[in-house]
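**Q** If you're matching them up, the sequences are chains W and C in order.
For the first sequence, the working numbering begins at 1 and goes up steadily by one.
For the second sequence, the working numbering begins at 1 and goes up steadily by one.
Worth flagging that the hints you see were computed from the coordinates, not collected in a lab.
Keep in mind that this is a model prediction, so the values were computed, not measured.
Watch out, some of these pointers could steer you wrong.
Said to hold, decoys possible - Computed beta-carbon distance windows for the label pairs:
#1 Asp146/W to Val213/C: 27 to 33 Å
#2 Asp146/W to Pro87/C: 40 to 46 Å
#3 Arg188/W to Glu207/C: 56 to 62 Å
#4 Pro64/C to Leu149/W: 42 to 48 Å
#5 Arg188/W to Gly153/C: 31 to 37 Å
Where is the CB? At the ideal position from N, CA and C, for every residue including glycine.
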Amino acid sequence: MSAKESKINREDYRDIWVILENEPAGGLNRYVFGLVSKACELNKKLGQKVVGIAFGSVEDDTAGELCRCGLDEIIILEHSASEEEVELKGKAEDLLNASMLVDAVKKLKPSILLSLATGFGRTLMPLAASELKTGLTADCTGLDIDGDLLVQTRPAFGGNIMAEIICRDSKPQMATVRPGVFKKNYVRSCGVSFSIKKIYRKTLTERLDASLLPEIIERKIKETVTGLMDASVIVSGGRGLGKPEGFKLLKRLADKLGGVVGASRGAVDLGWIDHSHQIGQTGYTVSPELYIACGISGAIQHVAGMKDSKMIIAINEDPQAPIFEIADYGVVGDLYEIIPALIEEL
Amino acid sequence: MNICVCIKQVPDTQKVRIDPEKGTLIRKGVPSIINPYDESALEMAFEIAERAKARVTVLSMGIPSVERVLRYAIALGADRAFLLSSPAFAGSDTLATSYILSQGIKKSGPYDLIIMGKQAIDGDTGQVGPEVSVFLNYPVVTYVDDFFDLEGGSILLHRYVENIEEVIKLKLPGVITVVKAKKRLRLPLLNSLIKSFNTRVHILGPEDIDADVERCGLKGSPTRVRKTFTPEVKRGVTFIEGSIKERAKTLKKILSAYTTG
Ligand SMILES: Cc1cc2nc3c(=O)[nH]c(=O)nc-3n(C[C@H](O)[C@H](O)[C@H](O)COP(=O)(O)OP(=O)(O)OC[C@H]3O[C@@H](n4cnc5c(N)ncnc54)[C@H](O)[C@@H]3O)c2cc1C
Ligand SMILES: Nc1ncnc2c1ncn2[C@@H]1O[C@H](COP(=O)(O)O)[C@@H](O)[C@H]1O
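Bound-form chain C, shown alone:
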């Protein structure tokens, strides 16, 4: 069995700050991390692999430095790594990204199972998983948080979204997108760590994956960011002072319109 995990390097959005004057993102000093949902995807892949004796391939589209992330995935136990990297891919929206990833998957595959994160925390779109499934012509199950069993070319999945909980049987090949799973991503083992130094991360450009450059990057992206701005939310707070009792009394006055009794 062959599993492909798509992982994206993202800025740690909890550490992102805004330049108050220019209203732009300050990316300097913001650490790059593996998208948290993709960590769950990776961990699930390893667990499935352990059960089914599968090979795990990691795939990412990004700038050359993403190689580091892929190498880390190898240290965790991935067998192969591919980085789709080219100036032609820059500025891709979800449609173009999905096209490029699906070409990468086709070229490095075939795979029985493609595992992706529910969404990437930089864009938070959650579109790439389902869109890739369409390009691959595979069925997709979204919001997976666990798997139970592999049997006769199918996988039994647990799905949890809003107020629905489902057990779903997915016939492979297929695509799943995973939410944050209960299990955290494992830590690297020493011998895998050593292996990761000696494993090549294959870097692929458009011609290596038979990608039509017209469908990649900005050119292949139907959506455009027209403007960005910082959310303006300040209200001008009035602090309520005094002893606890005084403050409670002031609050009561403010709340008088809402009290029921």
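So that you can see chain W by itself, here it is in the shape it has in the complex:
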């Protein structure tokens, strides 16, 4: 099938679908709420429906909260045949999920399909997009509607440039969205009629010969303890700390401010702190009330993850460090002099 033959009738496609990704340990990934809120905002220009797509069940209070964020409907994709359940036990679910999603899309024709740009979303979505022979934009940091087109903004070339991407002639328009860039926003109180539909998948397709699915032999789920995304104060350290112990100093400052500790990739790569603290293009995107960058140069990839913080204070020896370009307040000097003196004052 060529691109020309595959041209579709755009008007047949309606609604925005949002993948309701679960945490590996269970429960909805909390960044989904922000994505649903954004989808509802986009939908104001479209006047269609915002539908959540779940693999497996959705808790009642989660559904209620999604409803308050503006979700109109939930569709649960399930596979039903019992002999398959047995066969599918312990199998990686990406392919199965993608295949159910593709079937549902073909049947119900959503215009837009969004998911978080997590490991889950960044595996599921390309699998579905290539089966559907449609475009997919990865890791978006901005979304807008222009006419009936989804305008997808994303960083490229290591964050040096931003690109606006559209998918004009195929549907659905698919995007993964960086977790945390859109904030949760309640648009209505609950109690509005809210439907949950289930779609069962009766048979596995040939493509999904269960014996060929990757098998999970062992699985460990590490708890994420940093709480970066919810913190209102973040004290971050970079290579300028010079040694791993520097993070202890930052922790003391963070404790004084009721905040948590973040890091640049520079510091993470040196093994001074765990990756779960990393902020930036390949780490978390955060937007706290207060961000204090200590010994961080302000590389564009780091800035990409924290530039939307309400207030930014930078402490750096080098007055030319790019971090000062995006800071509200700057302190030029040795962080090992300034931070202890500050902790003293507080």
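Chain W is already provided as a structure; the job is to place chain C with the ligands on it using the hints.
**A** Below, chain C with the ligands alone, put in the same frame as chain W:
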């Protein structure tokens, strides 16, 4: 056993600069490198090959000068190299790229294992691996950082993504995408270096890989870049001056809203 590694030549994005007036990328003087994740893919392929006595083929889609990168891969120990290069491939988005690569893989194969990088650092999409797997109709395991064992037509893989760590058994043939592995890419050996001068890099166009040109390049790409711009982030900084103590006091005032105690 036959392994195919897809490697992409990318500009070193850490050295890319922006023309402040035009807001465009200055590519001049920016070195081209092998996508770092593809280096990990390549190293993993060599290690698997050593254990399983496999043949390693490297495959890339790009401009003719990418031949140099492929030749380097041969110097490192790859057995064969294919470059998919044609004006018809220019402007491909991830869907078209994946289609072209999968045709190249089908034509130069069959392979037991296709190894790709998690993502390419120029586009950072990470889509091509999974998309290729669909076109090949093979299962895929993403975010692999290590392998343990090969047994009875399967490979045992270690996968690490966000807070999940998994050991996965993948029945071959299959596709894996790898994150930065602990092991760095090896250096060329002298005799391989010599071999690399004498090995032909096969250059293939659409007709060589039975690719439908309607599905290649811009024509075959559903997505379009409508506009590019530089991120505007300047805030106008106020520097805090004075002695250490004075600066600490000023900071304290600014932070007064946040202090807990
Ligand atoms: C594809 C890609 C993705 C990336 N993703 C990320 C990401 O998600 N997050 C991220 O952070 N980076 C990321 N990077 C890396 C980024 O480009 C930088 O290399 C990194 O952010 C630098 O870390 P740093 O600021 O800690 O170190 P450096 O750049 O080395 O800066 C250290 C700073 O500390 C200052 N300093 C030194 N000593 C002191 C002192 N005693 N007191 C005060 N200041 C001092 C120095 O003046 C300097 O400015 C990515 C890169 C690439 C290519
Ligand atoms: N033009 C290309 N030639 C060869 N391999 C590619 C090409 N584009 C992408 N890949 C492979 O696909 C992976 C993911 O790329 P991307 O989806 O573009 O981020 C890369 O790490 C490569 O292994």
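**Q** Against this structure, judge whether each hint is valid.
**A** Status of each hint after checking the structure:
| no. | hint | verdict |
| --- | --- | --- |
| 1 | Asp146/W to Val213/C: 27 to 33 Å | 30 Å, holds |
| 2 | Asp146/W to Pro87/C: 40 to 46 Å | 31 Å, violated |
| 3 | Arg188/W to Glu207/C: 56 to 62 Å | 58 Å, holds |
| 4 | Pro64/C to Leu149/W: 42 to 48 Å | 36 Å, violated |
| 5 | Arg188/W to Gly153/C: 31 to 37 Å | 54 Å, violated |
Going down the numbered hints, you'll see the structure goes against 2, 4, 5, while the others check out.
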